[in-house]
Amino acid sequence: MNKIVRGVLDVLLFIIVFYVIQYFVTVGVAAAAAWHNGEAWSSFSTRLMHGRFGMSGKMLVGTSVLSSILTMIVFIYRRWAEVSRVWLASHPWITLIWVIFMALGTILPSQWLQDQMDLAMPDGMVKIFETIMGEPMGYLAIGILAPLAEELVFRGAILRTLLKLFAPKLHWIPIILSAVIFGALHGNLAQFVHASIIGLILGWMFYRTNSIAPGVVFHWINNTVAYLMFNLMPQMADGKLIDLFHGDSRTMWLGLAFSLCLLIPSFFQLHLRLKRN
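Everything in the sequence shown is counted per our numbering, starting at -3 for the first residue and increasing by one.
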């Protein structure tokens, strides 16, 4: 089989498996809850057909945790994604600190861009995230397991496969493709923009290191900040960036300038420190 065709089919397989695991775990948890509550199968199937899973916060957290764990098991067992400690064995701790700084530096500019494009997550998606992040174990799902599973799939499997299909000088093409796929699978325009931008950075770091470790750290910081913001400032869940600064545009611009003071030096340092093997 042609190398390009095989690579494209592999990427499609990874996407389908990732989606199927999430869907069937969701249906399975909802079905188990319906059975436990004595709900008739006809009633449950009707809800299912209309996309109403009727999950509590704990069930949503359990679904997310189980989906992430199963995803990691499948992708590692099938060797679709390589798990290696080679890069971490070089003790790149200072480099990872710069990764943290860069992750922090992207948060406000990304939110500002979404505001300029007048993008917002659908109400249903916002409610799901609010429910998960409001649970005590929500951080395990959002802040820890989701970054691990998603980096394993989108960088460790999808981007790694795409990189093999292009000449080294054209590495930016698979990085862009994987970022777009990453954004698209979030299922809404607001997250598509944010996830695609972040995906470019995550893809670049994977290309330079052949390791998902920098991406996991970056992803962890991004999700952790979202989790903390929700729990410390719940009124910002559906607000705009300027609301974070109590409507003061001058303070907002100062915040954006500070973010760039983190982002630009971090990118420069990582450009020097992340060496392509």
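A couple of the hints might just be wrong.
What the hints assert, rightly or not - Straight-line C-alpha distance at most 20 Å; calculated SDA-like pairs for lysine to any residue: (1) Lys160 to Asp6; (2) Lys54 to Ser38; (3) Lys236 to Trp108; (4) Lys123 to Gly183; (5) Lys236 to Gly251; (6) Lys236 to Val189.
What the hints contain is simulated information worked out from the structure, not anything from laboratory work.
Consistency of the hints with the structure:
1. Lys160 to Asp6: It holds: about 12 Å lies between the C-alpha atoms, which stays within 20 Å.
2. Lys54 to Ser38: violated, 24 Å
3. Lys236 to Trp108: Holds - the C-alpha atoms of Trp108 and Lys236 are around 8 Å apart, at most 20 Å.
4. Lys123 to Gly183: Holds, at roughly 15 Å.
5. Lys236 to Gly251: holds, 14 Å
6. Lys236 to Val189: Roughly 15 Å separates the two Cα atoms, so the pair holds.
Violated hint: 2 only; the structure is consistent with all others.
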